[in-house]
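*Asks:* Please dock the two separately framed chains into a single complex, following the hints provided.
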Amino acid sequence: MRSLLGRWQTWAGFGVAAVLLFGAAPVVLSDFRLSLLGKFLCFAIVAVGIGLAWGRGGMLVLGQGVFFGLGGYLMGMHLKIADAQIFGNDVPDFMQIAGVRELPGYWAPFASPAFTMLAIVLLPTAIAAALGLGMFKRRVKGAYFAILSQALAAALAILLVGQTSLGGSNGLNRFRTFFGFTLNDPANRRMLYFIAAAVLLIVVAVVRQLMQSRYGELLVAVRDGEERVRFLGYDPANIKVVAYTVAALFASIAGALFAPIVGFIAPSQVGILPSIAFLIGVAIGGRTTLLGPVLGAIGVAWAQTLFSERFPSEWTYAQGLLFIVVVGFFPAGLAGLGVLLKRRRTATNKGAT
Amino acid sequence: MDVLIGQLATGLSLGSILLLAALGLSLTFGQMGVINMAHGEFIMVGCYTAYVVQQFVSSAGMSLFISLIVGFLVGGAMGALLEVTLIRRMYSRPLDTLLVTFGVGLILQQVARDIFGAPAVNVVAPEWLSGGVDILGAVVPKTRIFILVLVIVCVAVLAAVLKVSPMGRRIRAVVQNRDLAETSGISSRRTDITTFFIGSGLAAVAGVALTLIGSTSPTIGQSYLIDAFLVVVVGGLGQIKGTVIAAFALGFLNSFIEYNTTASLAKVVVFVIIVIFLQVRPQGLFTVRTRSLV
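If you read the protein sequences in the order shown, they are chains A and B. Following my numbering, the numbering of the first sequence begins with 746 at its first residue and continues without gaps. Following my numbering, the numbering of the second sequence begins with 127 at its first residue and continues without gaps.
Chain B on its own, in the form it takes in the complex (with noise of 0.2 Å):
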């Protein structure tokens, strides 16, 4: 009992991490269409502006917090950048996208390389999310706690803000049809800025919250891109509830399969496990009609 309460729990945290790193996928590649791999760069970036933020700000909380905003704002700001300067150009070819992305991946981590060296740094946490709550028997670090709780926030606020706010609106529209969108006076140019915008933003939050569970190094986010791809793939393009579903599922079976083998063959019995759930379910958990052809 003991046991499978623990293994629900890692289940839990490391669905939530995933969801995390997955979350500004949905948008850029579920929503839009675009395989961004420097996505895990933008994860990197928040990284390490929890790092800089550390340095000038002395207390660990405050500056958690501030570095949640900051990271969100540069991140977001990069992705914005990449839209308007490459992959605007490439809407028509995504899996040229995705080398050149690559690329920019490939560049951003050796800046961070030059910066801040290739040993990992580290960022310290908060004195009040040291130690661990006794959950029904299985103690569970406050930090994965944290995460847990940041991401429910994160999912409820995009949820809000692509359901009831005009940008959200607008977001929609040009992803269900953008031609449509476009007549009816969206400026399908801003809002895709937008769009990316987010994503990349929320990926760089997500930086910021694994400095807490581990130390950060220039490719912290290729550990991570895989998985987040995987999760959206899975989850079904288009909805953020797919992306929450299989993050989590993703999560506890992950752990289940570790427990029972090891992390590395976990890693590749999951794999298989997705290939067959493919067959089953090409298009994922869920996925949204629409009316355009493509």
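One chain only, chain A, in its complex shape (with noise of 0.2 Å):
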């Protein structure tokens, strides 16, 4: 019965956001507004990602921005070059001004779509299964894993400013169209945010299937025992690299709709600063449920938005607090503050009767 009603609640739930974000938002929401959170959907992707590694399998992953900028330049490469095309050019515009007049020979596959979104898929779970394995099978975690991750951020970012056939430090901006619809068109526009809503719903399916499953059940079986996961005959390695990777996934793809939905991808989305205020969301919704992460990475990135242009010193500020309040003394973020409202209500009910 009760798993029953769960199973109901879910729906509904899954029902209701279907409702708010294909209904609601595109009707009460002006077009610049909508994709304006179209953006907070896309770092909603990523922090769902999020939860899955850090909430429920314990892994600090401090380098999502990695895979973000990884998805984000895929996409940002294509649209260049099918931009340049329309025009009759050999060369992405920001290469004419440099004048350069060849294409570099890694940018030339991506001219075509079907290979673009399979880099988008496949690379970075490559790179992320890669360095899961290196990392899991030697037993490096906690402390290490989350200094290694920080580290790739920060390399990646001194890279891709170093690229200039990537843009250098401004990266790739100014698309003008997404797989031949014109992004002049709001028409257009209001299509990528649904196609970001789509996703976000598929995301938050998919984890919560793989927390329903057997495997949900050993990641956090390995997060609040590793040894002990080992001593059953299971590998932890193997059951960390998937969560390592599948956050990986989706913080590649939400970065490969942050492209068009921005109109812009650039190393200052890629480094540690960035990488580590994917996570602050995260906590403050409830790490390790399924849709505190969604609600919280759409809140900070709603509030940065509202005050970091007005206060940037305040909103910096604000940032640190929560990162100190939050992960310091309500480590299970807002959701955790609900199951002790309830916990709290249901036991004065019981002293009532």
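None of these hints come from the bench; they were simulated from the model. These figures come from a predicted structure and were not determined experimentally. We treat Cβ as the ideally placed atom computed from N, Cα and C, and that holds for glycine.
Dumping the calculated DSSO-like pairs for lysine-lysine here, alpha-carbon to alpha-carbon at most 30 Å:
1) B:Lys367 - A:Lys886
2) B:Lys268 - B:Lys367
3) B:Lys367 - B:Lys289
4) B:Lys367 - A:Lys882
To give an idea of the interface, some chain A residues facing chain B are shown, with a C-beta separation under 7 Å as derived from the structure:
5) Val885
6) Ala896
7) Val1072
*Replies:* And the structure:
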């Protein structure tokens, strides 16, 4: 009975989310704000992956900006080439300005949409799997893993800044079309928002299935007692690699959507600061829950656009305080607060009767 | 041959800077296991201490030595404060400590930006540190030689303090077996605070020294933090020896790869080498075997 109710609740939650995202938001919000929400949804997609790897798997993934950036840059390269071809040029506009006449060799395959889509899925997955296997098989964990994933983010950001054929510190920007649809048309921008919303729902559904499955149980078990799981005959490394890879894939897809929705992808989205900033929303929403990271990420991103431009200094203070207060004193996040309140209410109810 | 000596000199200099930045971490992270992301901001505090001291002391040489001492005390006091207020509550949650101290670092950066402004400021180096020394055909700036000497002094003093002083013995005892140390009458609380004071103070000393070779901005700490952590990770936790060797190894490695490729590519290659190295020795170069279970 209970599980039936739980399932019903989940479907209801899904229905409400779908109605809000596909029905209410496009009607209520202006095109500009809808596109802004689309950007937040990209962050939410990353957050779902972090919730899986960090909240459920106990791996502090501090380098999600790497995979976000990979997805964004891969998509960005395709968009730039497609734009150039429409105008009959050999190379994207920023290369023309730099005086480059010939397309660099590694750009060429990204003229194909299919290759780009494949690369967005396969490249981050392969990198994450290789890194994960390398580290987890050798039982590099906890602090070492966190530091290495940060170092990776720092290294990639530095590498990208030095890469003039990828736009240097400006990154790739001013995309005109998205797979043939001009981005000037509000209808096409709305379509991008719908894609992001659909991807978010799919991603949440995938993680829910993972969490419900035996694999989800094992992942939590690895978080809480890695040695015990090993003694039971499982290899914790494999279990962790899967969660890490899935989180990386989500981040890559989110980055690939971020580039056309926001209109740029740059090294500033890749480094340590943005990578760690992904975590605060997850922590606030409740890292171990399914929807906590989604709501937390959207909330933080919304607050950031609201405050960071008018009060940049105060916003940084607030960000720092959020890390200290939420992670230090309320590690379960808002979801934990809800559970606490519920428990207190049932306790008082019991006392009354 | 000249190129080789030049590379060796660059590597030695880079290694000494890395070591100076990582020395404090080898105490707080290596000995205590605390991932203090605000360590970079303590370096920044040292830089600005040097800047402020120079506003009051006209002689650049005097102000350098005063800043080294004042910086150590200011950085140490801030570290001790951080330990008492936040880190103390979180010894059982090392990964959460990372995020909390990252928040502290963000706030400290913004404080520096609000007080001193976002643009970089400069500290004047003493007259007797200008120019370079010719070593077998390679010209090495005197400031870099000063940093090398400073790091040798710091390592020697720190090693001596840990080895022979009663305080150092207490620190080692608490690291090796906290429960047994407590049973023998050592206050592990006070020892933790002392360790954190010294570690953070050393970060600020590094900051003071860094003003000699570059300008100071609120984000200066961040650029050194990750490299410093990597040094401690490669060196292995718990021993100064490992940190020293790792710092110079990474310094040489970086300067040689950088010479053959570019600065940005060198960072990536070094990172890959570190990951491969950790495949062979996941615990770093040296480890302390203790009888405690953790």
